[in-house]
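Engineer: So the protein lines, in turn, are chains D and A.
Here the first sequence stands for residues 46 to 383, numbered as in the numbering used here.
Here the second sequence stands for residues 112 to 452, numbered as in the numbering used here.
Careful: at least some of the hints might be erroneous.
Straight-line distance between alpha carbons at most 25 Å, and here's what the computed BS3-like set of lysine-lysine pairs gives [unchecked claim]:
1) D:177 / D:164
2) D:300 / D:334
3) D:124 / D:187
4) D:306 / D:343
5) D:300 / D:344
6) D:229 / D:124
7) D:164 / A:147
8) D:164 / D:124
9) A:147 / D:177
10) D:229 / D:306
11) A:417 / D:178
12) D:187 / A:147
In case anyone wonders, no lab produced these hints; they're calculated from the structure.
The primary structure of each chain is shown beneath.
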Amino acid sequence: MENPIIELEGLTKSYGSAKAVDNLSLKISRGEIFGLLGPNGAGKTTTILMMLGLTEPTAGLARVCGVDASSNPIAVKRKLGYMPDSMGFYDDMTALENLMYIGRLNRIEEHELITRAHKTMEIVGLGEEMHKKTSAYSRGMKQRLGLADVLIREPEIIILDEPTLGIDPSGIKEFLSLIRRLSKQQGLTVLLSSHHLHQVQQVCDRVGIFVGGRLLVEGDMETLSRNLFGEESYVLQISFREPAPPSGEHIEALKALDVVKQITIDKNLVEVSCSEDITPDVVRLFVQKGLNITGVRKKEFGLDEIYHRYFETNQKNNISNGKSAGLFQRSFFKRNNA
Amino acid sequence: MESPLVYFKGLFSKGIMHKGLEQQKAESPFRAMTRKEAGDHVRSWRFIVMLILIALTFLGALYVSLSNISAATANINDPDRLFVYLKLLTTSDGTLPTFHVFISFLGPLLGIALGFDAINSEQNNGTLTRLMAQPIYRDNVLLTKFCGALIVVSVLFLCLVLLMIGGGMMITGVLVEPGELLRILGFVAMSILYVGFWLSLAILLSVRFRNAATSALAAIGIWLFFTVFYRIIVNLIMSAVLPSSGPLPPEDLLSYNNLLLFLLRLAPSQLYTDAATTLLMPSVRSLGPLTMEQMAGAIPSPLPLKESLMIVWPQVTGLLAATTVCFALAYYLFMRREIRT
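All chains, please: the whole structure from these sequences, using the hints.
Structural biologist: Okay, here's the thing in structure tokens:
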């Protein structure tokens, strides 16, 4: 990765003995959409605040556009648009006035400001409602206005903290495709934090999973699932018309293929886990044996699975490390033995 | 919220927009923020209520003094009788207190009303995070809150006093003298400083307390303490300290009196009243007790402006120091604060 636009090196923030962010190193290159994923309280917001220079890191360095954020926050904030998770607007001003105020704080010239504000409102789809008071805005509209707030400054980097929080599903889809489009059109770098995984999956080029202040993995979706699920990264689901499961003969034939790792049979549904994509072979085999296939589906691991996997291991570690109740420990050991 | 003062907005912004077009230069964030703060105050109901209250007390005090002005200016024994406009501000027949007495207890309320939710309401609405994400200095947020409110207060006091002078000219037909005008402007500056102290105290509390109601209550608590209870406490202390037996020698009496004055002057309202009285009544020569030796040979005549200013200088310094301390504390707390909602 050449010339990363955001560069975090050993970033650490402790509150007393608790570490909110623990030795985080991350590089994000220009024009990329990066998703920072993690459960609530994982330290996502703290990391973002440190990038903005709003919170002083205990150790480490956050460099944005080559500028150290904690020693020169103003220079960083000129290039970086930040949309916090819970946006507030001045309720007694209209949306346009709110936007123009932000424009003035960014030293946009007065004669240019009004046209720019109108244009930005059109881009985020609030052209009709720009003269309404923000107190009359719905949550989704406020989110759009928040994006307008960021865009009017024409930043190089946009940081969105939980941008999908509290918007309905269709709104989320629209919002994310808007971000994607803007990023591609204007070459913006976008950093997105979220705990909604499948939404982020749709738009991000790369994601990093962040749990308990540490970045567990980073990479694009494919690498991530390969790393995590290793051998069984392809799972085929084949359903048959006949309710009776296929006889042992076919299973034996399947097991003879050495890429197949596991086969589970549930009534008329067969699930085949394998290390390579052998969908045509499996289908051909079943067809040759005269079975009526009604559907073949290749199961892909979404972030949800990835996330659960990580979360599970994390929780297990917690339980084995901590002094939790006997019941938990017993069930944990039982599972281990089985 | 639509309010009757909306037209101020156009009035303020017209000039600035015009200027911006002329110079083709962007306005500094500090000015934009101060303008917004001042505009917000002018349009808020809270300020309108305070404005009405202060304007009413001003008119009341003025009415009482106007109806007694001829008697006051004709009083041969009064060395200040020639200062018609100062007399307008200080004459009363006892039915209503004079204007500066009103301000000594309404001023704090004005300062508190303009400042008690300066920071915490922004924080609770989530606008502070939004503001902090902009390329502005953090201390500018605090400073613009203070400046915006102080500008509004200054304009209010100046308007009232200038209206009084204009009205006085029309009614009495006496021209205002430069010295008199300077004294009145000094009084206005003193009043602004006094409100500024309470404003910075209220802003300090708004940084300290997350809840606007808590900070308002704390500010009003401090105000009540100084207006009502402080005097009682000082009296209690003095009666405990004073020996009960017999008449006191003059030296002791003097030292006790000085102690009493010292304690009273810890209250900001006392500082303000002292300063206002001295500025508005040129014949006041000292704020403490005077001995017979000091009084001997003194002619009961008005002091020149410079001498009056010398007398109130400690008061001005005290109020300025208190304001600065409050503001510095607010600054200290706010700069270290982590901005989150």
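Engineer: All hints, please: hold or fail.
Structural biologist: Hints, one by one, checked against the model:
In summary, the hint linking residue 177 of chain D to residue 164 of chain D is supported, as the alpha carbons are separated by about 16 Å, within the 25 Å threshold. For the suggested pair residue 300 of chain D and residue 334 of chain D, the alpha carbons sit about 15 Å apart, so the restraint of at most 25 Å is met. A threshold of 25 Å between alpha carbons decides the hint, and for residue 124 of chain D with residue 187 of chain D the separation of about 23 Å falls inside it, so the pair holds. This hinted pair checks out: residue 306 of chain D and residue 343 of chain D have alpha carbons roughly 15 Å apart, not beyond 25 Å.
For the hint linking residue 300 of chain D to residue 344 of chain D, the alpha-carbon distance of about 19 Å falls within 25 Å, and the restraint holds. Distance hint between residue 229 of chain D and residue 124 of chain D is fulfilled; the C-alpha atoms sit about 18 Å from each other, no more than 25 Å. Using a Cα cut-off of 25 Å, the hinted pair residue 164 of chain D and residue 147 of chain A holds, with the two alpha carbons roughly 23 Å apart. The straight-line distance between the Cα atoms of residue 164 of chain D and residue 124 of chain D is roughly 20 Å, inside the 25 Å bound, and the hint therefore holds.
A distance of roughly 19 Å separates the Cα atoms of residue 147 of chain A and residue 177 of chain D; the hinted pair therefore holds under the 25 Å criterion. For the hint pairing residue 229 of chain D with residue 306 of chain D, the CA-to-CA distance comes to about 40 Å; that exceeds 25 Å, so the pair is violated. Simply put, residue 417 of chain A and residue 178 of chain D have alpha-carbon atoms about 53 Å apart, too far for the 25 Å limit, and the pair is violated. Between residue 187 of chain D and residue 147 of chain A the CA atoms are separated by roughly 21 Å; this keeps the pair inside 25 Å, and the hint holds.
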